Amino acid sequence: MDYQVSLFMLGEVARLTLAAIFALAAIHAMRDWTMFDGIVEQYRIAPRWLAMIAVRSLPPMELAAAGALLVPMMSRVGASMGMCLMALFTGAIILNIARGRASIDCGCGGVRGQKLSLGLVLRNAGVMVALAVAGTAPTSGPIDGMTVIGVLCASVALIALYFAVNQLMRNFQQFSAISSRSRS
Amino acid sequence: MTALAMSNVLLWITNIALVITVLALARQIGVLNERVTPVGALTMDHGPKVGEAAPVFTLPTLGGGDIVVGAATGRSQLLFFLSPTCPVCKKLLPILRSLSQHERATVDVVLASDGELDEHSLFYQREKLKPFPYVLSADLGMAFRISKLPYAVVIGPAGLISAKGLVNNREQIESLLIAQEMGVASLQEYRAKTQKR
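Residue numbers (our numbering), protein chains in the order written: chain Z, 1 to 184; chain F, 185 to 381.
Hint data in this document are derived by calculation from the structure and do not stem from the laboratory. Accuracy of the hints is not assured; some may be wrong.
Some, not all, of what chain F presents toward chain Z, calculated at C-beta under 8 Å [to be verified]:
1) Ala187
2) Ala189
3) Ile200
4) Ala210
5) Asn217
6) Phe241
7) Lys275
Keep in mind the model is a prediction, meaning the values are calculated, not measured. Here a beta-carbon is modelled for each residue, glycine too, at the ideal position from N, C-alpha and C.
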């Protein structure tokens with residue numbers, strides 16, 4: 001198999017998957033502004049006025065990154081935007097773990113009540129690797145039946161896998177909470 | 185279609201079906217976990233016990249004037265402990281608003297917190313909390329041994345603590361008021377009582 005074709009397919013999978021993840025996170029935040037406001041605030045990294053701006057601008061930026069990733073000519077811009085956002089989120093998570101405030105609600109799209117953990121940092125690192133692939137892989141290549149099936153199916157599987165991993169991390173935290181409660 | 189392509193398609197179908205199955209299972213476990221934990225407000229065995237007299241405090245409110253907390257006033261009081269930085273507390277404010285309207289005849293809702301006055305007056309204005317007395321007192325929180333937020337304490341008309349617990353949703357706040365009406369401390373106690381019989 002041609003090396004360039006493999007890279008193209010890999011890039012398309014990364015772009016589709018990331019676009020869906022960012023779009024779903026944005027929609028999740030925009031459906032409950034009050035909750036999202038509270039979540040941003042408890043990270044305690046910015047003064048109130050800046051946090052208010054962040055609350056209103058982060059979800060649209062996520063949506064913009066998702067849209068840009070899907071347009072071949074703008075996928076590099078979308079990937080860079082996504083990278084900045086992920087760096088910001090991951091930085092905020094690491095900072096709060098370092099402060100010993102790991103018990104705050106992560107507010108990570110889709111799952112409620114997930115606490116901060118090293119697993120989240122690793123997950124974000126994975127997303128950032130995918131962003132790097134999405135931004136650098138060729139955006140044009142042969143489009144035939146097999147590539148389309150391969151790209152679409154791999155993206156659907158990866159999106160579902162991403163949410164499954166999130167849910168499993170949340171379950172794991174609940175289990176450790178229950179077992180520590182029954183021990184005491 | 186070659187045999188290789190066909191096998192590829194079949195593999196994708198099974199792969200996606202499997203991932204979706206894993207996701208569905210994980211979600212079910214998550215939902216089950218939330219059901220397993222007590223549905224009523226959780227009481228923690230700290231501070232003055234249910235049935236005991238509540239410590240009495242006279243505190244200034246953010247809106248101006250003083251309020252007596254915990255005394256026998258002939259009306260019930262719902263003390264709601266919150267913090268401006270707790271997302272769940274924020275989410276419960278509209279619920280408290282409707283609850284205080286609904287139970288206006290018998291229950292006074294009092295918001296309590298501690299910390300910097302500036303931060304709280306900002307929060308008070310932003311969330312339009314004028315209808316509620318809002319008190320700032322570290323001593324009040326200490327007296328009730330509040331360790332987790334949002335926490336609610338119901339004080340009966342005679343100044344006795346009738347129910348208390350950690351609350352995360354409307355049902356749990358209501359469970360405290362119902363517990364007061366039924367004369368049990370919490371849903372856990374009610375279940376323990378009914379199971380013994």
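Minimum Cβ distance from Phe241 of chain F to chain Z below 8 Å? 28 Å, violated
Hint status (Cβ of Ala187 of chain F to nearest Cβ of chain Z, threshold 8 Å): 13 Å, violated
Quick check on Ala189 of chain F please, does its C-beta sit within 8 Å of some C-beta on chain Z? Holds, about 6 Å.
Hint Lys275 of chain F vs chain Z: min CB-CB distance below 8 Å? With a closest approach of 6 Å, the Lys275 of chain F hint holds.
Hint check: 8 Å Cβ-Cβ cutoff, Ile200 of chain F to chain Z: At 5 Å from the nearest chain Z Cβ, Ile200 of chain F passes the 8 Å test, so the hint holds.
Holds or violated: Asn217 of chain F as interface residue toward chain Z, Cβ cutoff 8 Å? 4 Å, holds
Status of the Ala210 of chain F interface restraint (C-beta, 8 Å, chain Z): 4 Å, holds
The structure fails hints 1, 6 (numbered hints given earlier, in ascending order).
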